[in-house]
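My request is simple: use the sequences and hints to build the entire structure.
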Amino acid sequence: MVYPVYVILLVLVTALERTWPGWLLVYGQGPHLVIAAVVAIGLVGGPVAGCFGGLVGALLLGSVEGAWLGGVFVGYMVLGVLVGVLRGELLAERAPVAALVTLVAVPVVAVIRLLFAAPPSPGPWLLETALSAPYSALLAIPVFGVFKTLAALIEPE
Amino acid sequence: MRREDAYQINWTPIIVMVALAAVLTFTQHRARASGDIGLACRGARRVVWSVQSGLTRGGRVLRRIAVAAYRGQELVIENERLRRELAYLESEKLRMWSYYLENRAMRRSLGWDGSGPVSFGVGRVIDWSSDHYRQRVTIESNRELERGNVVRTEAGLVGRVIEAQGRRGVVVLLLDSESAVAAQIEREGGEQGMIYAAPDVPGDRYLLQMSKLPPDADVRVGDWVTSSGIGEVYPAGIPIGVVERVERSAVNVTSLTAYVRPFADFKNLNYVQVIRRGE
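Chains A and B, in that order, are what the protein sequence lines are.
Under our numbering, think of the first position of the first sequence as 3, with each following residue one higher.
Under our numbering, think of the first position of the second sequence as 485, with each following residue one higher.
It should be emphasised that the hints constitute simulated quantities derived from the structure, not laboratory data.
None of these values were measured; they are calculated from a predicted model.
A couple of the hints might just be wrong.
What the hints assert, rightly or not - Each computed SDA-like pair below joins lysine to any residue, with the alpha-carbon atoms no more than 25 Å apart:
hint: 1; chain 1: A; residue 1: K150; chain 2: B; residue 2: Q492
hint: 2; chain 1: B; residue 1: K751; chain 2: A; residue 2: K150
hint: 3; chain 1: B; residue 1: K577; chain 2: A; residue 2: G125
hint: 4; chain 1: B; residue 1: K696; chain 2: A; residue 2: Y29
hint: 5; chain 1: B; residue 1: K577; chain 2: B; residue 2: R565
hint: 6; chain 1: B; residue 1: K751; chain 2: A; residue 2: L27
hint: 7; chain 1: A; residue 1: K150; chain 2: B; residue 2: N494
hint: 8; chain 1: B; residue 1: K751; chain 2: A; residue 2: Q31
hint: 9; chain 1: A; residue 1: K150; chain 2: B; residue 2: M501
hint: 10; chain 1: B; residue 1: K751; chain 2: A; residue 2: E67
hint: 11; chain 1: B; residue 1: K696; chain 2: A; residue 2: S123
Next up, the structure:
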């Protein structure tokens with residue numbers, strides 16, 4: 003079963019996102035690795051796996067952030083299911099696609115979370131989202147590579 | 485799942501997971517209403533924080549290796565200089581030891597026991613909150629943390645523990661929009677006010693503001709600000725920062741705000757002291 007591996011990788015990715023070294027921050031902003039991971043799981047495993055990735059990723063990240071879980075669950079699970087459903091139809095199972103989807107997913111998830119818990123001022127929120135989206139997209143390539151390789155090793159087609 | 489079976493999505497597990505998410509959300513809301521964070525969040529935090537602790541430790545080792553490789557020659561010279569300084573400090577230590585013995589003998593002769601050294605815990609920052617309005621860190625201490633523990637560095641006040649879980653806990657920093665500290669100007673008859681984060685200062689995330697000052701308050705640039713102890717959230721006398729500029733509101737001339745540069749280095753917050761109530 004590949005699901006326990008997804009959980010372990012999501013724990014690692016969440017810890018890495020929250021412990022991102024200061025010297026790798028871009029204008030004080032780190033990447034959203036959990037979003038990249040949920041996209042990777044959706045592309046590799048389909049809608050059910052994507053939904054599972056979104057559920058676990060949101061629970062881990064929301065708990066560590068001390069955020070209200072509702073908005074995080076909606077954002078991440080919708081993303082996972084959507085990527086999984088569109089896999090093979092619109093989205094190819096390739097690393098550049100994972101990067102492109104992450105580039106779009108970061109602002110979309112940020113908007114969904116904004117609907118549930120609005121920030122006090124829009125300026126910093128916009129700047130953070132604009133900076134973290136391309137940064138996350140860049141790192142989505144290795145994240146996708148890790149998930150795809152491990153999934154192929156555990157459950158060869 | 486390719487094109488041919490794209491329409492055969494098994495929605496049952498997805499619906500089950502959505503229901504599970506709803507239950508978890510509901511549980512969290514109920515737990516928060518009673519001042520807790522919920523069992524699922526507690527478990528998730530425990531797991532992620534453990535990994536973060538390992539990553540932080542591993543990251544520091546890697547950084548040291550990288551620095552050693554990059555600055556080899558420079559480090560050899562620095563090492564020689566530090567050895568010389570160490571020899572000097574060793575001799576100073578001996579001198580201090582003789583002073584200590586002399587001091588102890590004098591205290592005994594005066595019949596005064598003196599007060600013991602201040603005890604405090606030491607914490608290592610393992611998680612940083614990076615958004616602009618929630619400035620919080622998670623620390624891992626060498627002893628059990630409690631809600632309300634005061635956190636500071638050698639230089640000044642950092643914040644206080646708002647959530648504790650064993651030796652780990654979340655610290656709300658002075659820079660957080662929800663932080664408020666009763667403070668005073670460190671001068672005889674110094675004015676009292678409240679220290680808040682200064683979110684309206686563009687391009688400077690590390691500035692505090694002192695408001696709720698009397699309209700005729702005597703606050704000058706260069707004044708030191710310390711905690712006043714009012715409200716008993718923070719003990720009195722902990723250094724907070726230095727007044728960088730003072731502004732009077734253009735709309736309300738009785739409103740005075742002093743902008744304070746914190747002593748604690750929030751940019752490089754790695755190790756902190758944790759003080760319990762009464763310590």
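Hints, verified against the model:
1. A:K150 <-> B:Q492: Distance of about 23 Å is within 25 Å: holds.
2. B:K751 <-> A:K150: Roughly 37 Å separates the two Cα atoms, so the pair is violated.
3. B:K577 <-> A:G125: At roughly 54 Å apart (the allowed maximum being 25 Å), A:G125 and B:K577 break the hint.
4. B:K696 <-> A:Y29: Violated: B:K696 and A:Y29 sit about 33 Å apart, past 25 Å.
5. B:K577 <-> B:R565: Holds - the C-alpha atoms of B:R565 and B:K577 are around 18 Å apart, at most 25 Å.
6. B:K751 <-> A:L27: This hinted pair holds, its Cα atoms lying about 12 Å apart.
7. A:K150 <-> B:N494: Judged against 25 Å, a Cα distance of about 22 Å means the pair holds.
8. B:K751 <-> A:Q31: Holds. B:K751 to A:Q31 sits at ~13 Å (cutoff 25 Å).
9. A:K150 <-> B:M501: 23 Å, holds
10. B:K751 <-> A:E67: Measuring from Cα to Cα gives roughly 19 Å; hence the hint holds.
11. B:K696 <-> A:S123: Between B:K696 and A:S123 the Cα gap is close to 23 Å, so the pair holds against 25 Å.
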